[in-house]
Amino acid sequence: MKRKIGVYICECGPNIADNVHINKILEAVSSFGETDDIEIVVKSYKLLCSGEGKEYLKNEIEENKLTHLIVAACSPRDHNSTFINVCKQTSLNPYLYRMINIREHCAWIVHDKEQATERAIRYIRGGLRRVLFQTELYEKKLDINPDVLVVGGGIAGLEVALSLASPQRKVFLIEKKEILGGYAALYQSLLPRQQEARQEVQLKIKEVTNHPHIQVMTHTRLDQMIGFLGNFEVGVSSIGDSGTATDMKVGAIVVATGFSMTAISNFPQFRVRDGDEVYSALDIEGMLSEKGQIVRRSGDAPKSVGLIHCVGRDERGYCSRICCNAMIKIAGQIKAQDASIKVSAFIRDLCLPDKMDQDFFKEVKAQGVEFIRVQDIKSDGLRVQYTGMDMHSVNADFDMLVLAPAMEPAEGTAGLASDLGIPLHETGFYQEAHQTINPVATATDGVFVVGAAHGPKGITDSVLQAQAAAAKIMSMLIPGEKIIPEVKVSEVLEAFCMGCKTCLEVCHYGAIVFDEEKSISVVKEAICRGCGNCAGSCPSGAIQLKHFTNPQIYQEVIEALR
Amino acid sequence: MSHGDNVLIVGAGIAGMEASLMLAKSGKKVYLVEKLPLIGGNTIKNEESFPNLECSTCMVAPIQQAVLQDPNIETMTLSTVKKIEGEAGHFNVSVLKKARYVSMTDCIGCGMCYDPCPVSFSNEWEENLGEKKAIYVPTAGSLPNVPAIDSSRCLNLTGQKECNACAEACMFGAIDLTEADATIDIEVGAIILAIGSELLDASKLTRYGYGRYPGVYTSMEFERLFASNGPTAGEITLRNSEKQPRSVAIIHCVGRDETGYCSGICCMHSFKHAHFLKHKLGDVKLYNLYSDICVPDKTYQKFFEDIKKETQLIYHPSFKSVSVDGDEEMLTVHYVDASEKKQSIAVEMVILASAVVPGGDAKTLAGIAGIDLDEKGFLASRNDRLGAVETNRDGVFIAGCAEGPKDIQNSVIQAESAVGRVLTCLSANSSV
Numbered sequence: 001m002k003r004k005i006g007v008y009i010c011e012c013g014p015n016i017a018d019n020v021h022i023n024k025i026l027e028a029v030s031s032f033g034e035t036d037d038i039e040i041v042v043k044s045y046k047l048l049c050s051g052e053g054k055e056y057l058k059n060e061i062e063e064n065k066l067t068h069l070i071v072a073a074c075s076p077r078d079h080n081s082t083f084i085n086v087c088k089q090t091s092l093n094p095y096l097y098r099m100i101n102i103r104e105h106c107a108w109i110v111h112d113k114e115q116a117t118e119r120a121i122r123y124i125r126g127g128l129r130r131v132l133f134q135t136e137l138y139e140k141k142l143d144i145n146p147d148v149l150v151v152g153g154g155i156a157g158l159e160v161a162l163s164l165a166s167p168q169r170k171v172f173l174i175e176k177k178e179i180l181g182g183y184a185a186l187y188q189s190l191l192p193r194q195q196e197a198r199q200e201v202q203l204k205i206k207e208v209t210n211h212p213h214i215q216v217m218t219h220t221r222l223d224q225m226i227g228f229l230g231n232f233e234v235g236v237s238s239i240g241d242s243g244t245a246t247d248m249k250v251g252a253i254v255v256a257t258g259f260s261m262t263a264i265s266n267f268p269q270f271r272v273r274d275g276d277e278v279y280s281a282l283d284i285e286g287m288l289s290e291k292g293q294i295v296r297r298s299g300d301a302p303k304s305v306g307l308i309h310c311v312g313r314d315e316r317g318y319c320s321r322i323c324c325n326a327m328i329k330i331a332g333q334i335k336a337q338d339a340s341i342k343v344s345a346f347i348r349d350l351c352l353p354d355k356m357d358q359d360f361f362k363e364v365k366a367q368g369v370e371f372i373r374v375q376d377i378k379s380d381g382l383r384v385q386y387t388g389m390d391m392h393s394v395n396a397d398f399d400m401l402v403l404a405p406a407m408e409p410a411e412g413t414a415g416l417a418s419d420l421g422i423p424l425h426e427t428g429f430y431q432e433a434h435q436t437i438n439p440v441a442t443a444t445d446g447v448f449v450v451g452a453a454h455g456p457k458g459i460t461d462s463v464l465q466a467q468a469a470a471a472k473i474m475s476m477l478i479p480g481e482k483i484i485p486e487v488k489v490s491e492v493l494e495a496f497c498m499g500c501k502t503c504l505e506v507c508h509y510g511a512i513v514f515d516e517e518k519s520i521s522v523v524k525e526a527i528c529r530g531c532g533n534c535a536g537s538c539p540s541g542a543i544q545l546k547h548f549t550n551p552q553i554y555q556e557v558i559e560a561l562r
Numbered sequence: 001m002s003h004g005d006n007v008l009i010v011g012a013g014i015a016g017m018e019a020s021l022m023l024a025k026s027g028k029k030v031y032l033v034e035k036l037p038l039i040g041g042n043t044i045k046n047e048e049s050f051p052n053l054e055c056s057t058c059m060v061a062p063i064q065q066a067v068l069q070d071p072n073i074e075t076m077t078l079s080t081v082k083k084i085e086g087e088a089g090h091f092n093v094s095v096l097k098k099a100r101y102v103s104m105t106d107c108i109g110c111g112m113c114y115d116p117c118p119v120s121f122s123n124e125w126e127e128n129l130g131e132k133k134a135i136y137v138p139t140a141g142s143l144p145n146v147p148a149i150d151s152s153r154c155l156n157l158t159g160q161k162e163c164n165a166c167a168e169a170c171m172f173g174a175i176d177l178t179e180a181d182a183t184i185d186i187e188v189g190a191i192i193l194a195i196g197s198e199l200l201d202a203s204k205l206t207r208y209g210y211g212r213y214p215g216v217y218t219s220m221e222f223e224r225l226f227a228s229n230g231p232t233a234g235e236i237t238l239r240n241s242e243k244q245p246r247s248v249a250i251i252h253c254v255g256r257d258e259t260g261y262c263s264g265i266c267c268m269h270s271f272k273h274a275h276f277l278k279h280k281l282g283d284v285k286l287y288n289l290y291s292d293i294c295v296p297d298k299t300y301q302k303f304f305e306d307i308k309k310e311t312q313l314i315y316h317p318s319f320k321s322v323s324v325d326g327d328e329e330m331l332t333v334h335y336v337d338a339s340e341k342k343q344s345i346a347v348e349m350v351i352l353a354s355a356v357v358p359g360g361d362a363k364t365l366a367g368i369a370g371i372d373l374d375e376k377g378f379l380a381s382r383n384d385r386l387g388a389v390e391t392n393r394d395g396v397f398i399a400g401c402a403e404g405p406k407d408i409q410n411s412v413i414q415a416e417s418a419v420g421r422v423l424t425c426l427s428a429n430s431s432v
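Chains as they are written, first to last, in the working numbering: chain A, 1 to 562; chain B, 1 to 432.
To be clear, the hints were calculated from the coordinates, so they are not data collected in a lab. None of the values given here were measured: they were computed from a predicted structure. We put the beta carbon where it would ideally sit given N, CA and C, even for glycine. Check the hints yourself; a few may be wrong.
[Said to hold, decoys possible] Counterexamples of contact, computed for chain B against chain A with all Cβ distances above 12 Å:
no., residue
1, A167
2, S228
3, K280
4, K285
5, D372
6, N392
[What the hints assert, rightly or not] Cross-link-like lysine-lysine pairs, in silico, DSSO-like; alpha carbons within 27 Å at most:
no., chain 1, residue 1, chain 2, residue 2
7, B, K29, A, K88
8, A, K54, B, K25
9, B, K25, A, K88
10, B, K342, A, K362
11, A, K482, B, K25
12, A, K378, B, K309
13, A, K362, B, K204
14, B, K25, A, K488
15, B, K320, A, K365
16, A, K140, B, K29
17, A, K170, A, K141
18, A, K378, B, K302
19, B, K82, B, K98
20, B, K29, A, K54
21, B, K25, A, K249
22, A, K488, A, K65
23, A, K362, B, K320
24, A, K546, B, K25
25, A, K140, B, K25
26, A, K365, B, K341
27, A, K524, B, K25
28, A, K482, B, K29
29, A, K365, B, K376
30, A, K170, B, K25
31, A, K546, A, K2
With the hints as extra help, turn the sequences into a complete structure.
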């Protein structure tokens, strides 16, 4: 079939026209196509990105019946999408077009006009050669399932479910325990206004349980997952004897599995024996909820309480963000119970990152709580030994000690991460897709992580993250609308695949599977993000990245260097 | 499109841009109103963002491009909201769009208009460390890549002289000095206020010597000094001497007592700055004077542990005890240590990690939007615990540093959360 390539050189006003010999480029390019089956149309135009310029290009494509298009102009960053849109208004497939940068990569940086001209010619000729190897590619539209699976029924999971559930979108909520509410249901009061915790959480639990579009399955865990965004198939089963298995189809999965805490008896520098009046901050929350006050096992109140912050911070390698506030709250509650109780808080750093935290700290300090900054600290039973910032060593005895241990990933995090194909951060919490600009998504499109499962955080931040993930799902999976997966994906050429599985190791998205029968790798197009790692690592060159194939790249370079 | 498909977002920083893209993707029409001539907010003022020290401009550029090219997002720069009337589902908003004097469609960003302009003055975006012309882009790489004319400085626009130097230099006839400010009325169903924050004016805290001694810098001034597209092209040279400092003290918690809160991000950027200095200058003596190490994300403590080897950590128990004096050449940082002894260190440069405070326009905007400010002057949320992005006015939401000091990650999370609330609000209030 005769190929007719249109090459349009944009003068970009003086930017390109003043710095290269346009007429020499026109001449050099038109001589490229002197063969039987390739015809070149090459023209220059003042400003292709203008309204008139785009109309001009559109007419040129149609009138000349172009089969391929090259635009030699500014950076693709500025206008690649402009000219893709022009192609879309014609019968020319946008993947048979290529943009060549002769402004930022040429006219603006090469100060010798002859050299700039030669470079521009080489770039354009390279692009011409490349475009001949390009093929038509078409967007696919996939039906999606708007339903969502939420794993974990704590405050974050409850919030996701309530944000999403609607007549057009069903939510499945699975929880490994027999009750909903997670840790938040165990707290006695919530900061900063010290609202009653249980009541608020119970309201949410009730709303979720009675919701017509949320199906709650307690005492249930996830077994396996296959599929991709919009089309996941998940298997869950009930924990315990019956082990009833259920399959479900969903479009997205939100992991809200919360956190766990190491028992305080696990820290060798804080010796705790059975019967010692040494508690974790969580124990105290429970005690306050049940009894309304703190008491020793004997039934009477302590005369002095020591609070030790940052237990496990060094071992785990991170600050757990909420414990300073939680301990300050407890200190305040003890003082409110009885102002004569001596309360000493041993701190390393005060972590008060939210705008109302410092006021709260000052309030509690004003009630007579002593805050002692330490360089190091240990305890044996009820005796605390510490070194202050002035380097002096001190012993202090108390009637009761409260330790604030680090928040850690929930049990089963590693297993679930593996089932869902999402990586873990080095701290053991789930790794988000991007630290700053994509913090609730993960490497697996359609799988989100929210709440303490993502990293230590309190209820406010867990709820915000939950709402954020819900919003992402609302904007990505619209009931009744299809999604368009990435077009420029990898494909495996069967004949060349040796079955070495190198590609499986380098794919971070789980987009490649191995066909044991044929002993070859297969790319799952709907999951592939087109990063090209597999194509680059394949020792037999069996994997090609569409629109960036080896011949395309190779031919462009060869021609440019000819 | 009806009210119910439109959303107003005020502020084109990271939170505003993220919210715009998500709403546009959901099929909503977004009016993105930004007071500056460029989009990107404060994130793009940092060369690198913690904790990964990724190039901020590289990270944000695809987001900026996506915003500017999205057919569902109408970006209005040099614009501010003047009036908001109505209720959730049906707001009528008046926007004042100041004249840019340069056509957004005809200008191709060639930059030929800058040289001929005879007026030069201090560039506020570059923290007054550099100059700009009356026709300017705030910094190299600004998006949109179209200059604006400062009507208070331009000789022609202030009536001082019949100057047309820029218009004459423009090959595309893109400059129009007759352009007028415009009032644009829009109808929206919901509003997100994402106007960001500022740093406390360090000159107000006289004990730190900012403004008195040339060697004392704010953290944002240092960011621009370090930036490769900044006024010194990334060279760290002192204001008056143009020499590289051989010793630097970074003071944390500046203004923490006065504002009454920890700003949550300054320990991190202070260590980041120590790291930059070490890498750029090599042989430099560094000190970080801190009261608490605030590293509340799962990745932050490791960042701190790695960098603390490059600097000397100095603990001082009281923010108020730190002061700076000296002269043009040398500075002395005074503080009281843990044993209550007075100490001092001599350095050539001081960087002040100032508190994050509400933007200067927060109060005005809160008044226009009919929402409360909290005790610290930030835009107030209805229920901190379970509704941080909701305000006391239905249909009006807040996100990012406008709500309170936070890092980029949490600004983005709040923006996404606000989008969810907006989508729910729009469908709840849409006419059937």
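Right, here's what the structure says about each hint:
1. A167: Its Cβ never comes within 12 Å of chain A, the nearest being 15 Å, so this holds.
2. S228: The assertion about S228(B) holds, with a minimum of 17 Å to chain A.
3. K280: 23 Å, holds
4. K285: Given that every Cβ of chain A is farther than 12 Å from that of K285(B), nearest at about 23 Å, it holds.
5. D372: The assertion about D372(B) holds, with a minimum of 14 Å to chain A.
6. N392: 15 Å, holds
7. K29(B) - K88(A): Status holds; Cα separation ~22 Å.
8. K54(A) - K25(B): Given that 27 Å is the threshold and the Cα spacing comes to 25 Å, the pair holds.
9. K25(B) - K88(A): 20 Å, holds
10. K342(B) - K362(A): 25 Å, holds
11. K482(A) - K25(B): Measuring from Cα to Cα gives roughly 13 Å; hence the hint holds.
12. K378(A) - K309(B): Holds, at about 25 Å.
13. K362(A) - K204(B): 24 Å, holds
14. K25(B) - K488(A): Distance ~21 Å between K25(B) and K488(A) Cα, so the pair holds.
15. K320(B) - K365(A): Holds: K320(B) and K365(A) sit about 18 Å apart, inside 27 Å.
16. K140(A) - K29(B): 25 Å, holds
17. K170(A) - K141(A): 22 Å, holds
18. K378(A) - K302(B): Within the cut-off at roughly 23 Å; holds.
19. K82(B) - K98(B): 12 Å, holds
20. K29(B) - K54(A): 24 Å, holds
21. K25(B) - K249(A): 24 Å, holds
22. K488(A) - K65(A): At roughly 25 Å apart (the allowed maximum being 27 Å), K65(A) and K488(A) satisfy the hint.
23. K362(A) - K320(B): 16 Å, holds
24. K546(A) - K25(B): Satisfied, since the Cα-Cα distance of roughly 25 Å is no more than 27 Å.
25. K140(A) - K25(B): With Cα atoms ~18 Å apart, K140(A) and K25(B) stay inside 27 Å; holds.
26. K365(A) - K341(B): At roughly 24 Å apart (the allowed maximum being 27 Å), K341(B) and K365(A) satisfy the hint.
27. K524(A) - K25(B): Holds - the C-alpha atoms of K25(B) and K524(A) are around 25 Å apart, at most 27 Å.
28. K482(A) - K29(B): Given that 27 Å is the threshold and the Cα spacing comes to 20 Å, the pair holds.
29. K365(A) - K376(B): 20 Å, holds
30. K170(A) - K25(B): The hint holds at about 22 Å.
31. K546(A) - K2(A): 23 Å, holds
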